[in-house]
Amino acid sequence: MSEQDQALPQQDENQIIAERRAKLKAIREAGVAFPNDFKREHQAGSLIAQFGDKSKEELEGLNIEVAVAGRMMLKRVMGKASFATVQDGTGRIQFYINDQGVGAETHAAFKHWDMGDILAARGVLFKTNKGELSVNVTELRLLSKSLRPLPEKFHGLADQEQKYRQRYLDLITNEFSRDTFVKRSKIVQGVREYMVAEGYLEVETPMMHPIPGGATAKPFVTHHNALDMALYLRIAPELYLKRLVVGGMERVFEINRNFRNEGMSTRHNPEFTMMEFYEAYADYQRMMELTEGVIQSVARAVCGSLHIQYQGKPVDLSRFERLTIVEAIKKYNPHYSDEQLSDRAWLKEEIVRAGGKPVLTDGIGGLQLSLFEEVAESQLWNPTFIVDYPVEVSPLARESDQHKGITERFELFVVGRELANGYSELNDPEDQAERFLSQVAQKDAGDDEAMHFDADYVRALEFGMPPTGGCGIGIDRLVMLLTDAPSIRDVILFPQMRHE
RNA sequence: GGGUCGUUAGCUCAGCUGGUAGAGCAGCGGACUUUUAAUCCGUUGGUCGCAAGUUCGAAUCUUGCACGACCCA
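Each number in the working numbering comes from the position in the first sequence (counting from 1) with 9 added on.
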């Protein structure tokens, strides 16, 4: 830590915080202010699951002693009796506090404790007259004083910016947000289990690359002092994972972060999570089957169904359609003729008419792809594999044996967004070297997203890579789909933000 | 990068065609022994995002900047 960092930053103080600091000072003077000797034995969620249905009389007969702890979210002081609603990692449970249970002194102290304080209680489970499972507290402790007031108890935290910047407040106050991140964890776990069951090995490859590769994107650059060399935060793990296939790891996957130095939006965060997987002796057809299988598997596990809602509209994950780029264009634009869609000049004009940027390339496939992006992509609501991508935009994919200029590649679209991208891998080292050279030419021509020539990767291919299929699935976007989140920032715990 | 909207008490929000700031929650004091966003009475709390301009006077009008949300690229 530098000297500068050690100085306490200016904190916003106000009357409420000052009053709470005074309370904390009094607690310090009375003894240990932040005790850690309380042994919690029960959690709210399981107590409610276990005893929530029991009647008042049944509970009296059972006489269940519990030790619970959590953050005080609601407080109702009624003179000789008080109630506190306490939230732990599993749910909420109510404390009933009176002089007989905890003694007049502790009860009086409790009346000055604040919302947000971390409390612990021992006591006996009972049901109130209104039927709420509660703890009749016999021992009550303040474990952590909260100095800052929580967001308003009813409306919670409404400010989107504060939700993202102070995610802990969002998690404390917003059950929906907590649920989203629990689901995210389950989705990642489900994906991992599915791949392992398919015989895949999970690996970790470098996040810092001497040559950025595996995708067309702008990288973040950093510097290694001891080696005095530039390093790039990876834009994709692809080239390393395929080196592993060369090395004989025939089914590998990695779930990890990629970094792309591009604009931010509701669909883009500078760092995002992808799963990439590679399988020897497989092709893009097999990759589509796996992609469909893993998405359906986690959807069943997390949503309980393949028929889900996204932003108020139904999505049917039970069937994944397959269309070529031209088929997809025609499906949503039946007025286009085959002649028009194979006419370079007409395509160029139509792309601009549809709102796209003018396209410089003369490749028919590239022009069709640009038109597809303008007039079809956003309409692909139910899962759809788009196949037959032109070779000029697929520098790592294997060219089709039947159709020159077309690669054995697919992208998966759901709710109008790209969710996955896969192909039969290019394993011809001489073809790969030529593709890299073509990329370098594009880079020299000013395209700063074009790829570098990765000589070690070509060398690896020269040792011989088996025919291989590969695919990447955007985990953040998958989580968005399955948690009904409108923005990628809603599924990333700490999304990237500007300086406050 | 462009457009639209927003930024007022710790939080959620009012505040009209300019006249110097308001509610609810939270806090503080009081009443209340099964409450449920507890209720009731009293009360503290503000550089109205920042800066400049117009004006006798700006939360309010104008411009710029910062940050955010949404849409478009």
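Keep in mind that the hints were calculated from the coordinates and are not lab data.
A quick note: this is a predicted structure, and the numbers were derived from the prediction, not measured.
Note that CB positions come from ideal geometry on N, CA and C, so glycine has one too.
Some hints here could point you the wrong way.
[What the hints assert, rightly or not] Pairs of lysine to aspartate or glutamate residues, derived as EDC-like cross-links and limited to a Cα-Cα distance of at most 20 Å, are as follows: (1) 154 x 22; (2) 339 x 386; (3) 322 x 386; (4) 84 x 22; (5) 120 x 74; (6) 34 x 168; (7) 120 x 22; (8) 84 x 108; (9) 366 x 382; (10) 154 x 69.
[Stated by the list, open to error] Estimated spans, in silico, between C-beta atoms of each pair: (11) 318 x 446: 22 to 32 Å; (12) 138 x 55: 21 to 31 Å; (13) 170 x 302: 15 to 25 Å; (14) 120 x 390: 13 to 23 Å.
Q. Which of the listed hints are not met by the structure?
A. 4, 5, 6, 7, 10, 11, 13 and 14
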